[in-house]
Amino acid sequence: MSGSEVVIVGGGVTGLSAGWWLARSGVKVTVLDKFIVGWEASGRNGGGASHYASPLFDEEQRLWPQMDELLGYPTEHRKGRILIAMTERQWEQYRFIAERHKRLDHPVELLDVKQIQEAVPLAGDNSFGGIHYKFGGHANPQRSVQAYAWALQDLGGKIIQHSPVTGFETAGGKVTAVKTANATYGCDSVVVAAGPQIPQLMAQLGVDVPLAAARAEMIITEPAPMMPLGGVDGHKIYGRQTLRGNLAYGGGPHEWLDVDATGPAARPSTPLARNLAKRLAEMLPKAAHLNVIRSWAGVIENSPDGRPIIDRLTSPDNVVVASMSSVGFGLSPASGHAIRDLVIDGKCSFADIDLLKLSRFDGLEKDWREKRGWMPIS
Amino acid sequence: MELNFTGTDICAVNGTRSAPEARYDVVVVGAGPSGIAAAVEHATAGKSVLLVDENPVSGALMGNDTPLYFGGRMTAATQNSERMLEAIFMSMPDLEKAMDAGAELLLGTTAWGVYRNGPGVASLPDQVVGLADAERSWMVGFGTIVLATGARDLAMAFPGWNQPGVMGAAALQMLLTRYDAFAGRRVLVLGSHDLALETALVAQARGIEVAGLIEVRDVPQGSADLVAQVKAAGISITCGTTIASAKGGIDGVESATLTSGETIACDTVCVAIGLVPSIELVDAMHGPRALNPTRGGYVPAGEASVIAVGDCAGLNDSGFDHIAYRMDWMRALTAVTTNDTIICQCEEVTRADLIGIQPPNYLPRPAAMCARSLETLLKDGPANPDQIKRLTRSGMGVCQGRRCRDQVAMLLALESGTPYGTIPLASHRAPVRPLPLKILAEWDEPAEMEAAWDVWFGIPTQWVPVEDIGTPYQDEHREMLYTGMYK
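Residue numbers (this note's numbering), protein chains in the order written: chain A, 2 to 379; chain B, 631 to 1117.
These are calculated hints, taken from the structure and not from any lab test.
With a Cα cut of at most 25 Å, we get these calculated DSS-like pairs of lysine-lysine:
1) Lys1009(B) with Lys180(A)
2) Lys237(A) with Lys1068(B)
3) Lys159(A) with Lys1009(B)
4) Lys1068(B) with Lys287(A)
5) Lys1009(B) with Lys29(A)
6) Lys103(A) with Lys115(A)
7) Lys1068(B) with Lys115(A)
Based on the provided sequences and hints, a complete structural model is requested.
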């Protein structure tokens, strides 16, 4: 593969990580993005990196502590997470989760209120208890996305921004070029990692990829004093204390959308910021006085079972399609590796990812979105 | 795992939001002269009208230069909210006219976000404005919203600007004329356009010593009449020079030195170079806006139900190109600032780190990072302030970019060799004023919200550990963690 050309459609965290992994293998990589790298969901998420449900989990855990060094740029990665239960029901659920982790040999520890407050001084004495994940962690999505992009460039890869992909050229059962409004990029292989726009792009190749897009929201406060452990989840919200001290949190109901080939028309936040503020103030009562200074929204796509689609197609046979199904940032070191393996070797070298094949949706009912209620409000 | 789809996603936002607490035909944001006039007009026409104004804001917010650039030169009187409220009524007798006309008036009430259905959102029950006072926040529906939010101070960096005593002209005028709460005695004014001239005259009329006006261009810029008044008042206008630095001690500014070498004793440097229309609400709601150099910057482009009036719609158009004027100041100040001059005060971002696209000091800067700069970033595409703020944190602090957003854009224009108008406006986001979690929180949210609330999408198959798929643990997982979806 060395010397061959791979075009990656989509400069989100998945496409950039794939590009970086390919460039590390000596492949000539060009990443095409409709705007600026990481501008959509990759730069708008909670930064969590603890995805035990994924076949890519072990690789995610192996790689994150090395990413600053491997990329050459800071990602703000920190290890460990705490989940705080604020209701009796949550405490029951979290103890169930802890038992499950123990069964799967993921290191966890149950915490009482005092132990929580030691690690998370902004917590009050109003919690029921917590779990300390001695694995996983969090990083800064925006800084990490740019780190992948820069590291890829440092290895000779190209990033072409402000260049939405408009179509493909095919010949002999392969994609031979990727087209934008201004240029055509010849290629030996293609990675389509364009998030919510994947279905429209793949439809041009006659491939049906079932994905539905939705909007989710976050808020961020002014900086608080740094806590011993910043990766604090719980009370049905997710987020982190940034290394600057801000509390960045999301969660709660999403809104299903239709997204056309040009991508999300807008990413408006809504008064949901008030419901996020309520839960954050309940979970971290000593932060209740902190000012919220921004809210934002991002648009993410989900597959019918909520699991990623990472697959090398049979026809055209030089295309890898990759959607992380709304859980892409944390897994990005591993998803890029898997995509690299599929492009170069046709097979993932470090995990069994058959679960993520597109063919699992063969025979999916046409009205799968309607059945799930994953429809935009009309 | 058999999933029994019901056609409804109970974790979707549909039907979970509270209805607005009240609805008015017209909500007017800002009770300055334009806002009052709009309130009177609509109330007289028989419309239900709510008139809100964020002033008096808390002393803590003023300390964060919100909404104006107060520069820490408030007296202790600004800590007394009752006195401040009284001062507003005393200084604005027309408020009573609005109330007499039937408008409902809420002072000390911030409009922090405007929301409506449109691209990307269809779940709102009405078009609503988020309000907050010192106790709580709430939502109000409206037929028309009139934005009379005025204009805010343009801040610009020079060595020593990041200390108490460097402040804006609108803030100084507000402290002098509305609150009688200015803590300075001797003011040096930067600029000589109408804003600077008027500010100097107001200050002197209130017994403040004006140490002079400093003008970067070769001649005074304001109207001949105002220039004559200032000269008649014995106030000097020094042209063709700029401030080189401000020096001071624990209480802030004590003197300013000009590029000519002259040192001027003063406890306040008033940056009166320009005002920027306060379009935060319009931009945060994705309303259309356009750059208008003779009206002071980006102004709302106008919509049927979102109407801007007064300075929010743009400064009085006298044909003066405010952007060209500011860029002249920027060029001159760029010659006196140094690599370690702070540009973003909240996040302590220096000029070198801004232009170097370097991360904050609490992060490492390995060799590859040090090799990056605005110059390398520009090879990927045009300068975008939102991208640069993500990397450098400039504009990401508690003042929400009020002190540095405009000058960062100007600096990017200069450094990238492109016109100011090609630099995108850094996005504003709700809440457009800093709001404590406990105030912003919807404490009495509908039960439907809690019922729909999941940490993520509530898709049962999304979080089953891969090892558990196809085992009895899978159903146990769903039973325990997903209490509603697909059951």
